[in-house]
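Number of protein chains: 2
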Amino acid sequence: MKKKRLDEKEIIRIFSQALGIADLDDVAKVGRNLVFKADMLVASTDVPPQMSPWQVARKSIVACASDLAAKGARPVAAMISLGLPEEITRTYVEELARGFQIASREFGVKIVGGDTNAARDLVIDCSMIGMTAADNRMPKRGGAKPGDVVVASGKFGYPASGLAVLLKGARAQGAFRAAAVDSALEPKPRQAFGITLARYFSSSIDSSDGLAASLHEIAVQSNVDIKVDYDAARADGVQEFARANGLDAHELVFHGGEEYEIVATMPKSLLPRARATAKKAGCDLHIIGSVKKKGTGRVTSGRRLLENRGYLHFS
Amino acid sequence: MKKKRLDEKEIIRIFSQALGIADLDDVAKVGRNLVFKADMLVASTDVPPQMSPWQVARKSIVACASDLAAKGARPVAAMISLGLPEEITRTYVEELARGFQIASREFGVKIVGGDTNAARDLVIDCSMIGMTAADNRMPKRGGAKPGDVVVASGKFGYPASGLAVLLKGARAQGAFRAAAVDSALEPKPRQAFGITLARYFSSSIDSSDGLAASLHEIAVQSNVDIKVDYDAARADGVQEFARANGLDAHELVFHGGEEYEIVATMPKSLLPRARATAKKAGCDLHIIGSVKKKGTGRVTSGRRLLENRGYLHFS
Chain H
1 MKKKRLDEKE IIRIFSQALG IADLDDVAKV GRNLVFKADM LVASTDVPPQ MSPWQVARKS
61 IVACASDLAA KGARPVAAMI SLGLPEEITR TYVEELARGF QIASREFGVK IVGGDTNAAR
121 DLVIDCSMIG MTAADNRMPK RGGAKPGDVV VASGKFGYPA SGLAVLLKGA RAQGAFRAAA
181 VDSALEPKPR QAFGITLARY FSSSIDSSDG LAASLHEIAV QSNVDIKVDY DAARADGVQE
241 FARANGLDAH ELVFHGGEEY EIVATMPKSL LPRARATAKK AGCDLHIIGS VKKKGTGRVT
301 SGRRLLENRG YLHFS
Chain E
1001 MKKKRLDEKE IIRIFSQALG IADLDDVAKV GRNLVFKADM LVASTDVPPQ MSPWQVARKS
1061 IVACASDLAA KGARPVAAMI SLGLPEEITR TYVEELARGF QIASREFGVK IVGGDTNAAR
1121 DLVIDCSMIG MTAADNRMPK RGGAKPGDVV VASGKFGYPA SGLAVLLKGA RAQGAFRAAA
1181 VDSALEPKPR QAFGITLARY FSSSIDSSDG LAASLHEIAV QSNVDIKVDY DAARADGVQE
1241 FARANGLDAH ELVFHGGEEY EIVATMPKSL LPRARATAKK AGCDLHIIGS VKKKGTGRVT
1301 SGRRLLENRG YLHFS
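As they're listed, the protein sequences go chains H and E.
All residue numbers for the first sequence refer to this note's numbering, where the first residue is 1 and numbers rise by one.
All residue numbers for the second sequence refer to this note's numbering, where the first residue is 1001 and numbers rise by one.
Treat the hints with care, as some may be off.
[Unchecked claim] Heads up, simulated DSS-like pairs for lysine-lysine below, C-alpha to C-alpha not over 30 angstroms straight-line: (1) Lys227/H x Lys268/H; (2) Lys1292/E x Lys1009/E; (3) Lys280/H x Lys155/H; (4) Lys155/H x Lys168/H; (5) Lys9/H x Lys1110/E; (6) Lys1188/E x Lys29/H; (7) Lys145/H x Lys279/H; (8) Lys1155/E x Lys1188/E; (9) Lys29/H x Lys1110/E; (10) Lys1293/E x Lys1268/E; (11) Lys294/H x Lys9/H; (12) Lys1029/E x Lys110/H; (13) Lys9/H x Lys227/H; (14) Lys1029/E x Lys188/H; (15) Lys110/H x Lys1009/E; (16) Lys168/H x Lys29/H; (17) Lys29/H x Lys293/H; (18) Lys1227/E x Lys1292/E; (19) Lys110/H x Lys145/H; (20) Lys145/H x Lys227/H; (21) Lys110/H x Lys1110/E; (22) Lys1029/E x Lys29/H; (23) Lys168/H x Lys268/H; (24) Lys1009/E x Lys1155/E.
Because the hints were derived from the structure by calculation, they are not lab data.
Please take these sequences and the hints and turn them into a complete structure.
Structural data, given as structure tokens:
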């Protein structure tokens, strides 16, 4: 009899229950304006082979920077713990160091220390302290209210398309190819969007587990139903790319993962002020759906009920 | 031509230089009283096979708790990132969770979140925020002055003896065996010692890289010479255990590692107050050496020059 493998959700449930943590995966508030987050990158599962060492190091910082941004928090300091394979070369280590340097400048976070270890995998754990604005209560995943609009910092489907190009030889040209591949190799956390707009959010999350999973997380934690507009959420060119390669565009947009857009809800009445703030900060603000009613955490797109399925380890 | 492997010190040097961090390995000060530290445990290199899963989880918290204590900092919050092999069982995950629960209570640290991933190794990264007392400047590794005494929270040699029993079948009986094996499987960070006494320290470190390496770190960073008293530093029974098993007691005491005593220096004039504070806190305070003069970072024991050698990954 083959034992059923544990999936990531079950593992998270076991730890959350033992430690009394409601949202193990979310940013933790540890002081008045202080937040804390950690994210581990494992090269054998999280890194496409085309990713350069400096991009790997940079990417290990992206998840924390993005999670903090979704909560309106500016990074203060980061720690980097490294598990390095014994056969690692000096050049590789120097390139990793260069990637941390690049990330430190790009995301405005001081890397203040770390730890190095021998391991079978290349493992990078980034932990980050951040600070929310003084007048900010931190938006959580629960908090969406019926009547709210669902907003996002960008549109969806590029990273999954990029990974299809890099890992499965899907074909794409020109600007679409560049944008898709770039979003997979050098994801951009939406710091300006989150830091300037968080004060308007009733709930928020980053979409690193995929759009559908992120909306489900908000819907379940907030006990509401959410309606998402597929056409408004879909990035330009994804439909055509999917058709040309026999892929499912719906899958690329909703269940892709490794997407670092911020997804949030806010009262409709705050939209004009949010738009003005976004414009001033040079950010796009897309309306991609609405919160329908007190519910059971259902997410629909048109007549379709979206599955709560995104990228999960151990599956 | 075989390439020379990078050792841990070279790797730390590359990252420290790229990121402009003086002490990559030390606790980082990130606010007035706020400190930050991370430590990664990799089961394939850091865990003896006799260690139970709950002890593995507990131990992954010890290093941060110990490092903070050496700086006089009380834990505030911890994040746990996990890399878990795909074949991990539910029982193992539940036992890990129980170990985190035990550590959380024992060390007084709230575990506020985490991250889970699939990896080839079992990897646990603990990052911890702590707080020093309001009137405390944080003792660094540099700061020892000629004339200072070297103090420690305990004596040395148990963990290396315990690992010799567990990993090499060395023989030991009764109380010595229990103390040695216990120190290897369930190391005790010296929180009360560090938190109550840090205000007296001119420099401090925990001895997790071994006593000799820790003293060298203080001597080099402080630009002083240190004299250590082998008889005062050696734990009871280590000499006899070494003799009975054909081992080198000097090696067990000085170059063992995985030892979580706090080693610190302080002006001789503060000793009476430090002793009174230690007594009140129920802690031992051992004088194990003295700071001799401005120097070049030499550490001697009697006429012997101690090598700067402790536990290093990649070697």
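Each hint tested on the structure:
For the suggested pair lysine 227/H and lysine 268/H, the alpha carbons sit about 15 angstroms apart, so the restraint of at most 30 angstroms is met. Taking the CA atoms of lysine 1292/E and lysine 1009/E, the gap is about 26 angstroms. The hint holds against a cut of 30 angstroms. Taken as a hint, the lysine 280/H and lysine 155/H pair is honoured in the structure, with Cα atoms around 20 angstroms apart against an allowance of 30 angstroms. Note on lysine 155/H and lysine 168/H: the hinted pairing holds, with a Cα-Cα distance of about 22 angstroms set against a maximum of 30 angstroms.
The straight-line distance between the Cα atoms of lysine 9/H and lysine 1110/E is roughly 22 angstroms, inside the 30 angstroms bound, and the hint therefore holds. For a cut-off of 30 angstroms, the pair hint linking lysine 1188/E to lysine 29/H stands: about 28 angstroms separates their Cα positions. Note on lysine 145/H and lysine 279/H: the hinted pairing holds, with a Cα-Cα distance of about 25 angstroms set against a maximum of 30 angstroms. Taking the CA atoms of lysine 1155/E and lysine 1188/E, the gap is about 13 angstroms. The hint holds against a cut of 30 angstroms.
With a C-alpha separation of about 12 angstroms, the suggested pair lysine 29/H and lysine 1110/E falls inside the 30 angstroms cut-off, and the hint holds. Distance hint between lysine 1293/E and lysine 1268/E is fulfilled; the C-alpha atoms sit about 14 angstroms from each other, no more than 30 angstroms. In summary, the hint linking lysine 294/H to lysine 9/H is supported, as the alpha carbons are separated by about 24 angstroms, within the 30 angstroms threshold. This hinted pair checks out: lysine 1029/E and lysine 110/H have alpha carbons roughly 12 angstroms apart, not beyond 30 angstroms.
A distance of roughly 24 angstroms separates the Cα atoms of lysine 9/H and lysine 227/H; the hinted pair therefore holds under the 30 angstroms criterion. For the suggested pair lysine 1029/E and lysine 188/H, the alpha carbons sit about 28 angstroms apart, so the restraint of at most 30 angstroms is met. Distance check on the hinted pair: lysine 110/H and lysine 1009/E sit about 22 angstroms apart at the alpha-carbon level, within 30 angstroms; holds. Restraint check: the Cα-Cα separation between lysine 168/H and lysine 29/H comes to about 40 angstroms, which exceeds 30 angstroms; the hinted pair is violated.
Of the pairs offered as hints, the one joining lysine 29/H and lysine 293/H holds, with about 28 angstroms between alpha carbons and a cut-off of 30 angstroms not exceeded. At roughly 7 angstroms between alpha-carbon atoms, lysine 1227/E and lysine 1292/E fall within 30 angstroms of each other, so this suggested pair holds. Straight-line distance between C-alpha atoms of lysine 110/H and lysine 145/H comes to about 36 angstroms, which puts the hinted pair past the 30 angstroms bound. With a C-alpha separation of about 13 angstroms, the suggested pair lysine 145/H and lysine 227/H falls inside the 30 angstroms cut-off, and the hint holds.
Distance hint between lysine 110/H and lysine 1110/E is fulfilled; the C-alpha atoms sit about 24 angstroms from each other, no more than 30 angstroms. Restraint check for lysine 1029/E and lysine 29/H: the C-alpha separation of about 19 angstroms stays at or below 30 angstroms, so the hint holds. With a C-alpha separation of about 41 angstroms, the suggested pairing of lysine 168/H with lysine 268/H is violated against the 30 angstroms cut-off. For the suggested pair lysine 1009/E and lysine 1155/E, the alpha carbons sit about 26 angstroms apart, so the restraint of at most 30 angstroms is met.
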